[in-house]
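J.: Below are the chains, spelled out letter by letter.
Number of protein chains: 2
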Amino acid sequence: MDKLGAMRAFINVARQGSFAGAARQLGLSRSQINRQVVWLEDSLGVSLFNRTTRKVDLTHAGQAYLANILPVLENLDDAELQLRDNQQSLSGTIKINAPMSFGLTHLTPVVLDFMQTYPQIQVQLDLSDEKRDPLSNQFDMTLRIGPPENNPALIEHDITYTSRCLCAAPAFLQRYGTPGSPDELKELPCLQYGNLVHGNYWDLLYQNKSQRVRINGVLSSNNGDVLRQAAIKGMGVALLPTFIVGEAIATGQLVPVLQAWQPAPLLVSLLYAPNRHMAMRLSVFVKYIQTAFENAEFLLQG
Amino acid sequence: MDKLGAMRAFINVARQGSFAGAARQLGLSRSQINRQVVWLEDSLGVSLFNRTTRKVDLTHAGQAYLANILPVLENLDDAELQLRDNQQSLSGTIKINAPMSFGLTHLTPVVLDFMQTYPQIQVQLDLSDEKRDPLSNQFDMTLRIGPPENNPALIEHDITYTSRCLCAAPAFLQRYGTPGSPDELKELPCLQYGNLVHGNYWDLLYQNKSQRVRINGVLSSNNGDVLRQAAIKGMGVALLPTFIVGEAIATGQLVPVLQAWQPAPLLVSLLYAPNRHMAMRLSVFVKYIQTAFENAEFLLQG
DNA sequence: ATACACTGTCGCATAAAACACAACAGTAAA
DNA sequence: TTTACTGTTGTGTTTTATGCGACAGTGTAT
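Line by line, the protein sequences are chains F and Z.
Its first residue numbered 1, the first sequence is counted upward by one per residue in our numbering.
Its first residue numbered 1, the second sequence is counted upward by one per residue in our numbering.
Simulated from the structure, these hints should not be mistaken for laboratory data.
As the structure is a prediction and not an experimental result, all values here were calculated from the model.
In this text, a Cβ means the ideal position worked out from N, Cα and C, and glycines have one as well.
There's no promise every hint is true.
Here are the simulated BS3-like pairs of lysine-lysine, each with C-alpha atoms no more than 30 angstroms apart in a straight line [what the hints assert, rightly or not]:
| id | chain 1 | residue 1 | chain 2 | residue 2 |
| --- | --- | --- | --- | --- |
| 1 | Z | 55 | Z | 3 |
| 2 | F | 186 | F | 233 |
| 3 | Z | 233 | F | 55 |
| 4 | Z | 131 | Z | 287 |
| 5 | Z | 95 | Z | 131 |
| 6 | F | 55 | Z | 186 |
| 7 | Z | 95 | Z | 233 |
| 8 | F | 131 | Z | 287 |
| 9 | F | 209 | F | 186 |
| 10 | F | 3 | Z | 233 |
| 11 | F | 55 | F | 95 |
| 12 | F | 95 | F | 233 |
| 13 | F | 209 | F | 3 |
| 14 | Z | 131 | F | 95 |
| 15 | F | 55 | Z | 287 |
| 16 | Z | 131 | Z | 55 |
| 17 | Z | 287 | Z | 233 |
| 18 | F | 131 | F | 3 |
Rough simulated footprint, nothing fancy, chain Z against chain F, three-plus residues with beta-carbon under 8 angstroms [to be verified]:
| id | stretch |
| --- | --- |
| 19 | 20–32 |
| 20 | 180–187 |
| 21 | 241–252 |
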């Protein structure tokens, strides 16, 4: 038996002093109201009403019970209302985790725009290149750059792609010579992006076919800016996402090499727990990020 | 769907971090716990748990909801406990209404004994000769002296009988003569008990047959002591319950007359609302009064 | 690495309840 | 007295609750 329903029936009967009135108001039959109240009385072991066929008066016990459960049920409704509001309104906090470089250079401006569009939403933006569990309750959204995880317990919302390129400083190329084929990379000092280090090699695409190329890795870091600085200083050939080295290439600090041998583009995706009921602010955020990066060709161009 | 049940399932799952654990504790199947939680989530439009098949963690929304409903449910349980306790324990207040004379002379000592037997029970004893509705919430118990009401919406618990007698002061009899037959009453000044005044006559029993006898009513009152004082002063023949005039007869202030023509004994009964669940203190009170008056022969004797 | 025990979820069948309707006895007002 | 309404109860039907079994997934111990 639905005790809450019985309580609501009881409250309505008490307020109106009539079973039939409560039945009309609740859209139920008189018998059902009667049965619910009787059940409540039996389960409590207390008579709640003194009823004649024409009058319904609260017992002392009924008065006490009514006075006790009224605020309780109000609190309960408040709790639900609060929850629903937090779920459906465009307010509250979004906790985002993203890698350092991409977060600083590309995510931050979009997030700031987002916050101006939805001023009631607060953002907690955590930038770090450490791998964090997107399923821990620490973050609502985790932005990842890399190959898909194919984790069935995780929603991977693909945002865009970012291409990578091989590049080096002009001074470096003057000193070591510009490589004409990837074979030469195993003789040249190479700078490796840490998150992708699986060994002393790079996987490159040549005419859409993947080929594993041995390299001479001298520096690896989980921070792309470190590698960019190293590359600009002429310390080696770097394989870096264009969003990191794009500006340096545009200003001539770095020069693309082996342009026919480009690494596969990396997936930029938002990871989050697959809740069947996602908070409105989160789905709005995902959509906002999606459209903001939809035509982000700067990511694809050197 | 029983929302309270679903909430309890949710709370148990949250506490144990496991659907199966909650199922074991609640004595239900895993599927039922799952269904209840899913139903709760759907009805709230919010995901309460982040679940993998091996871990169950509260969502932020779930944490908030749990924190909100926990005290609410506790309050609800408290309300029920309080109600049940008030119902089953021998404590609380009993509100009694009784007629003035009988209350003072016979009910009061029994009530005082009752209070010493059950010191946790408080009594509110209202003595008045006005007719009051036993169904109004003003009183739990109404003691009435008189013929049964045969009200189906009322429980009439018969306690005992009290006989009545015709009597007068010796001085009065010296002046007017002792009546030898009831016919003479229509010439003698008579004193009528107010609650029973239905006209200028008395209904008397002669050899177990009721006969209506015309009288000469000169004073009527709803208070028996008034009539007793008047009778002692020699102002007329009184028809009064023996519990009022018994002492005066014993001391010779009044003398019974027409002893072959006695009025029908009056019923002493407790009236109360027919609650299907009577508070323990009330049923105990009824039983106590019942046994206290069970052999109350003083009521039957002049 | 493999087996195993355990998890959350879902489909299915059944027992339990919620519910409306109709009928009944009682009551207040016309 | 009539009339319209009340609270209650029995009856049948629809809805829901519940257990069982199966499935895919996941830690643990061998």
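J.: Next step is simple, just say for each hint if it's right about the structure.
T.: Against the structure, the hints:
1. Z:55 x Z:3: Answer holds: residue 55 of chain Z to residue 3 of chain Z is near 24 angstroms, not above 30 angstroms.
2. F:186 x F:233: holds (20 angstroms)
3. Z:233 x F:55: violated (48 angstroms)
4. Z:131 x Z:287: Holds. Residue 131 of chain Z to residue 287 of chain Z sits at ~24 angstroms (cutoff 30 angstroms).
5. Z:95 x Z:131: Holds, because 16 angstroms separates the two Cα atoms, which is no more than 30 angstroms.
6. F:55 x Z:186: violated (45 angstroms)
7. Z:95 x Z:233: Given that 30 angstroms is the threshold and the Cα spacing comes to 36 angstroms, the pair is violated.
8. F:131 x Z:287: violated (77 angstroms)
9. F:209 x F:186: holds (20 angstroms)
10. F:3 x Z:233: violated (66 angstroms)
11. F:55 x F:95: Judged against 30 angstroms, a Cα distance of about 58 angstroms means the pair is violated.
12. F:95 x F:233: violated (36 angstroms)
13. F:209 x F:3: Answer violated: residue 209 of chain F to residue 3 of chain F is near 66 angstroms, above 30 angstroms.
14. Z:131 x F:95: violated (72 angstroms)
15. F:55 x Z:287: Between residue 55 of chain F and residue 287 of chain Z the Cα gap is close to 29 angstroms, so the pair holds against 30 angstroms.
16. Z:131 x Z:55: violated (69 angstroms)
17. Z:287 x Z:233: Given that 30 angstroms is the threshold and the Cα spacing comes to 40 angstroms, the pair is violated.
18. F:131 x F:3: Cα-Cα ~47 angstroms, so violated.
19. 20–32: violated (count 0)
20. 180–187: violated (count 0)
21. 241–252: violated (count 0)
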